[in-house]
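These are the residues of each chain, in order.
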Amino acid sequence: MDRIPILRMGDLLLVTIQFELHDRLVMAMQDDLMRLIAETGARGVLIDISALDLVDSFTARVIANTAEMARMMDAETVLVGMQPAVAITLVELGLSFHGVYTALNAEKGVQLLKKIRGPLTGESSDDTAGE
Amino acid sequence: MTPPGNERVPIQSEDDIVRARRIARTYAQELGIGLTNQTKLVTAVSELARNVYVHGGGGTMQIEIVSNRGNQGIRLTFEDHGPGIPDINLAMQDGYTTGNGLGLGLGGAKRLVHEFEIESWVGRGTRVTIVMWA
Numbered sequence: 057m058d059r060i061p062i063l064r065m066g067d068l069l070l071v072t073i074q075f076e077l078h079d080r081l082v083m084a085m086q087d088d089l090m091r092l093i094a095e096t097g098a099r100g101v102l103i104d105i106s107a108l109d110l111v112d113s114f115t116a117r118v119i120a121n122t123a124e125m126a127r128m129m130d131a132e133t134v135l136v137g138m139q140p141a142v143a144i145t146l147v148e149l150g151l152s153f154h155g156v157y158t159a160l161n162a163e164k165g166v167q168l169l170k171k172i173r174g175p176l177t178g179e180s181s182d183d184t185a186g187e
Numbered sequence: 039m040t041p042p043g044n045e046r047v048p049i050q051s052e053d054d055i056v057r058a059r060r061i062a063r064t065y066a067q068e069l070g071i072g073l074t075n076q077t078k079l080v081t082a083v084s085e086l087a088r089n090v091y092v093h094g095g096g097g098t099m100q101i102e103i104v105s106n107r108g109n110q111g112i113r114l115t116f117e118d119h120g121p122g123i124p125d126i127n128l129a130m131q132d133g134y135t136t137g138n139g140l141g142l143g144l145g146g147a148k149r150l151v152h153e154f155e156i157e158s159w160v161g162r163g164t165r166v167t168i169v170m171w172a
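The listed protein sequences correspond, in order, to chains A and B. Throughout the first sequence, residue numbering follows the working numbering, covering 57 to 187 in sequence. Throughout the second sequence, residue numbering follows the working numbering, covering 39 to 172 in sequence.
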């Protein structure tokens, strides 16, 4: 079975969804991500959906649940790269991702995570280099 | 390649849901439907095809090219022979769910397309027809 690749970058886990989603693929991503958060102690998760031209209510629900689960494991999630047509469609569908942080792209997503979580390792964090 | 004007797609698995979305996207592109409406249509297809698969025990999606006063559109008919819906008005409400969804499937799909019609017969099945104009 295919898996959605999850990259580790210091305190961050980066999930890049690059192909069309089957329901079971989304569910597998949720499992993989929770396991990786537990194993690595990651404090932030970026989910990049810029390649997705469709997000239906099922996928949206799994992503929102995933963010909630990650938070219970002390990791904040930022959803990045949503296409304009997807945003329009989701709101008309009745979904607005309340409780999920969003950012325009991965770079802004990382900035947002730093703001929420403070300096993350794997990044240059001058303010912790005390001595 | 120009798709044929009339096609019936089986919806018997999760893979079929993905295939139904792709086929609907291809037709919408051929008709020159704009990206936002394409996305809305394909999202509605995803919701309705999932209903057919999950609640209806499988069924079909029929695709037709329709025209009205020179304007072309895509009409999709989703049919299953599942348990049917006893109270359609209730089922159309946001938040109504019998499964594991958010209950946005039917009401949400209706908001995404230009025309929406639902018929259901308890014990015999459900038919949902949607139209998106170019």
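Hints listed in this document are in silico derivations from the structure and should not be mistaken for laboratory results. Treat the hints with caution; some may be incorrect.
To be verified - Okay, the calculated beta carbon distance ranges per label pair:
(1) A:150 - B:104: 23 to 33 Å
(2) B:124 - A:66: 25 to 35 Å
(3) B:131 - A:143: 19 to 29 Å
To be verified - Residues of chain A clear of chain B, computed beta-carbon distances all greater than 12 Å:
(4) 61
(5) 65
(6) 76
(7) 77
(8) 80
(9) 87
(10) 88
(11) 92
(12) 109
(13) 125
(14) 127
(15) 140
(16) 143
(17) 146
(18) 168
No residue lacks a Cβ here, since even glycine has one placed at the ideal position from N, Cα and C.
Hints violated by the structure (listed by number, smallest first): 2, 6, 7, 8, 12, 15, 16, 17
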